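Enquirer: Protein sequence lines, in the order shown, are assigned to chains D and A. Its first residue numbered 1, the first sequence is counted upward by one per residue in our numbering. Its first residue numbered 1, the second sequence is counted upward by one per residue in our numbering.
These are calculated hints, taken from the structure and not from any lab test. In this text, all values refer to a predicted model and were calculated from it rather than measured experimentally. All the pointers check out, no bait thrown in.
The list cannot tell twin chains apart, which means a pair is met if one copy fits it or any two copies do.
Dumping the calculated DSSO-like pairs for lysine-lysine here, alpha-carbon to alpha-carbon at most 30 Å:
id, residue 1, residue 2
1, Lys43, Lys202
2, Lys375, Lys92
3, Lys130, Lys202
4, Lys135, Lys258
5, Lys264, Lys317
6, Lys375, Lys202
There are 2 protein chains.
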Amino acid sequence: MERTYVNQLTDRVGELVRIVGFAENQREMGKITFVDLRDITGKVQCVGYQLMNDVTMESVIEIIGEVKQRPEKMINAQVQNGSIEIEVQEYKLLSKAEGLPIMVNAKASNEAEVDVRLDYRWIELRKPEKLLIFKVWTELERAFMEYWTSNGYIEIHSPKLLGAPSESGAEVFEVNYFDRTAYLAQSPQFYKQMAMAAGFEKVFEIGSVFRAENSNTIRHTTEFTGYDAEISYIDSHYQIMEEEEKMLVFALTKVQEKYGEEIKRVLGVELNIPAVPFPKITMAQAKEVLDKLGIKSEKGGDLSSEEERELGNYVKKEFNHDFVFVTDYPIDVRPFYHMRHEDNPNLTKSFDLMYKGLEITTGAIREHRYDILVKQAKEKGMNLENIQFYLDFFRYGMPPHGGLGMGPSRLVMKLLNLESIREAMFLFRNPRRLNP
Amino acid sequence: MERTYVNQLTDRVGELVRIVGFAENQREMGKITFVDLRDITGKVQCVGYQLMNDVTMESVIEIIGEVKQRPEKMINAQVQNGSIEIEVQEYKLLSKAEGLPIMVNAKASNEAEVDVRLDYRWIELRKPEKLLIFKVWTELERAFMEYWTSNGYIEIHSPKLLGAPSESGAEVFEVNYFDRTAYLAQSPQFYKQMAMAAGFEKVFEIGSVFRAENSNTIRHTTEFTGYDAEISYIDSHYQIMEEEEKMLVFALTKVQEKYGEEIKRVLGVELNIPAVPFPKITMAQAKEVLDKLGIKSEKGGDLSSEEERELGNYVKKEFNHDFVFVTDYPIDVRPFYHMRHEDNPNLTKSFDLMYKGLEITTGAIREHRYDILVKQAKEKGMNLENIQFYLDFFRYGMPPHGGLGMGPSRLVMKLLNLESIREAMFLFRNPRRLNP
Numbered sequence: 001m002e003r004t005y006v007n008q009l010t011d012r013v014g015e016l017v018r019i020v021g022f023a024e025n026q027r028e029m030g031k032i033t034f035v036d037l038r039d040i041t042g043k044v045q046c047v048g049y050q051l052m053n054d055v056t057m058e059s060v061i062e063i064i065g066e067v068k069q070r071p072e073k074m075i076n077a078q079v080q081n082g083s084i085e086i087e088v089q090e091y092k093l094l095s096k097a098e099g100l101p102i103m104v105n106a107k108a109s110n111e112a113e114v115d116v117r118l119d120y121r122w123i124e125l126r127k128p129e130k131l132l133i134f135k136v137w138t139e140l141e142r143a144f145m146e147y148w149t150s151n152g153y154i155e156i157h158s159p160k161l162l163g164a165p166s167e168s169g170a171e172v173f174e175v176n177y178f179d180r181t182a183y184l185a186q187s188p189q190f191y192k193q194m195a196m197a198a199g200f201e202k203v204f205e206i207g208s209v210f211r212a213e214n215s216n217t218i219r220h221t222t223e224f225t226g227y228d229a230e231i232s233y234i235d236s237h238y239q240i241m242e243e244e245e246k247m248l249v250f251a252l253t254k255v256q257e258k259y260g261e262e263i264k265r266v267l268g269v270e271l272n273i274p275a276v277p278f279p280k281i282t283m284a285q286a287k288e289v290l291d292k293l294g295i296k297s298e299k300g301g302d303l304s305s306e307e308e309r310e311l312g313n314y315v316k317k318e319f320n321h322d323f324v325f326v327t328d329y330p331i332d333v334r335p336f337y338h339m340r341h342e343d344n345p346n347l348t349k350s351f352d353l354m355y356k357g358l359e360i361t362t363g364a365i366r367e368h369r370y371d372i373l374v375k376q377a378k379e380k381g382m383n384l385e386n387i388q389f390y391l392d393f394f395r396y397g398m399p400p401h402g403g404l405g406m407g408p409s410r411l412v413m414k415l416l417n418l419e420s421i422r423e424a425m426f427l428f429r430n431p432r433r434l435n436p
Numbered sequence: 001m002e003r004t005y006v007n008q009l010t011d012r013v014g015e016l017v018r019i020v021g022f023a024e025n026q027r028e029m030g031k032i033t034f035v036d037l038r039d040i041t042g043k044v045q046c047v048g049y050q051l052m053n054d055v056t057m058e059s060v061i062e063i064i065g066e067v068k069q070r071p072e073k074m075i076n077a078q079v080q081n082g083s084i085e086i087e088v089q090e091y092k093l094l095s096k097a098e099g100l101p102i103m104v105n106a107k108a109s110n111e112a113e114v115d116v117r118l119d120y121r122w123i124e125l126r127k128p129e130k131l132l133i134f135k136v137w138t139e140l141e142r143a144f145m146e147y148w149t150s151n152g153y154i155e156i157h158s159p160k161l162l163g164a165p166s167e168s169g170a171e172v173f174e175v176n177y178f179d180r181t182a183y184l185a186q187s188p189q190f191y192k193q194m195a196m197a198a199g200f201e202k203v204f205e206i207g208s209v210f211r212a213e214n215s216n217t218i219r220h221t222t223e224f225t226g227y228d229a230e231i232s233y234i235d236s237h238y239q240i241m242e243e244e245e246k247m248l249v250f251a252l253t254k255v256q257e258k259y260g261e262e263i264k265r266v267l268g269v270e271l272n273i274p275a276v277p278f279p280k281i282t283m284a285q286a287k288e289v290l291d292k293l294g295i296k297s298e299k300g301g302d303l304s305s306e307e308e309r310e311l312g313n314y315v316k317k318e319f320n321h322d323f324v325f326v327t328d329y330p331i332d333v334r335p336f337y338h339m340r341h342e343d344n345p346n347l348t349k350s351f352d353l354m355y356k357g358l359e360i361t362t363g364a365i366r367e368h369r370y371d372i373l374v375k376q377a378k379e380k381g382m383n384l385e386n387i388q389f390y391l392d393f394f395r396y397g398m399p400p401h402g403g404l405g406m407g408p409s410r411l412v413m414k415l416l417n418l419e420s421i422r423e424a425m426f427l428f429r430n431p432r433r434l435n436p
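Could you build all of it, start to finish, from the sequences and the hints given here?
Expert: Next comes the structure, spelled out in structure tokens:
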């Protein structure tokens, strides 16, 4: 017998159906057992006569029964499928849950409880509002991929095991690689630039990045998914920002079309498509604004997380916009491969994108001229030997290029107003957490 | 001035255009310099009078010039854009190539040369036939994602840093993780099963997998991209095979539509869409066939690579099919979590998919009953403490489920008849190679 999904039941009143899912709220009233069956599409009440009394909460069950219209006065309009119920004829316990360590629909009230719920993440994820986060992520990623593939980008999967520490060398994980040491990629930066040297012109990558950062904040994680894009034959970082606006508007529009209503109903969040162009402000201007707001920071030329937040509030108030590009970062807070302004060599042609007060992207036009790149690397005190493999990409013809790296977990976190990045990730990793 | 792509030039005869790309075949005849400019869409000959003599091979240049029809007798029908050329008015050297270590269009004639070309992989990748491999991969992956997302699958990104070695514990890379050891995921197996316990019902993942296998063959690599899918509420491994047939036919059809002609023209490969259902043969039957063919193996219940190849030849000859599912592997060559046949507990409900004589997929219906799973793990001598986090997924309600893991680099290798998996990967990693 074909399986019927719960959200198909209202069309099948009077018919015999087979449904499968998790048992919620098992309760007995005399000879009658009530169980709410939850599948990926919703919940429905099932009524068994002298049946189902061995079903425990969160067990997985299969039910064959008749779809019944509930009596008018019993209809619960607040509940999905509140107008129907299943009169159980046969049932099967497919997997019995015993000694549930957490209740699915409970909430953590302190950090210790948060930790326990992370330990039993798969039970926590049974909440429909958690499932929705990953449905949204799936559509978001599909839409990004649609944008890239329909705009001539080629996908790369660059290696995560490197022969030398990439970029700064700090915050990199070491791997025992046969008789030597390998390093986990902190970003696909060098390799998407290699793709430019290969003439791929426009590339994207969706992949794991690793950061051995010893921080335990709501924004940090030692491993996350990165979206990366790189484009040849551009001459300004403004072209990259324009491209990012296009991909974000495209992807957010797709998410809104598919899940806008559900997001509003389940999470209470109104999803707005941002107006283009996004507000842009140089770092110098941003610091002025923050100074006037009385925000002090010890971050020097960079923005502290408090500054990011306050700048986000300011932009929301002044421009009614959730996004803001901060441009032209000073060289001391940017890596050696960012191109510098000809008329002000202390500033890079770079940007960060803030979304609701949180940095979600770093981008720049890159320095593609070998001699200048080497000079900048030396100035930054880089170990040239470690990065010679990268510098070599620039010696045999390298198109001018630039690109960006984005953190989709941060994007999803802010999009759905989640409290922590932990909630935007299937499984979260930080220095203290490697399980499950 | 807007950039024009090379493949748009034939429509613009008589116009002034701006083109960018790599310089090929620079040659001088008196005061005239000829350069073939190659961009991502093709090549065109550019003619400069007392110009471009400082352009070296593989330099990156920008040209502004007029699109000219070539005299009838000069038209080279063998060459793309052979009927036009660019009369250069201005040009700019964007990046000068000096001392090219390998010629783009040369071929390696021995292993040492292969190695050098891998060292300079980005120059090797400038060959149009190499670019095509990654255009095909991009479309293939896009199509898989389209199949999954339009069939209700949810995407997960599972962690690659684990607290305990997954699966067997052999061939796993160790990572220095702050004050302890982490392990790199050998597959997302345990975590896609966790998604089943979370009620996600159908999931897919595209991500990095790591294997500390000390082999240096044309089929092995220490790091590769995996496609993984897992489905709840099934009761036979035949349902997974049927699903794999659907996704493969869908994806290969999309590739054929977009690149079929180009694949034929550039690589000389005819892309056929496989008929469904694919041939299926049990391992016992396969061994009988191989026995009759006189193929001996010391692999016991598994297939050696020679056996895979010979079986592929046999299936091609007998059924005119490139694919064959080998089913019902003996338990001693399968992991503890594969479900076993009730009527023959020495056989698993599992399969491998061979494509042109190479294994590209392993799949199975999983054992979802906690007690039996623990028993099977013990029998296999697993360290139960290491996998307790995984076993816990089965204690609080677990839908019956199964799934598969596929290697897209092997799929692309066989699809395009490439000689080695190295050619199907952007950058290849084996025990000896961590660079570039």
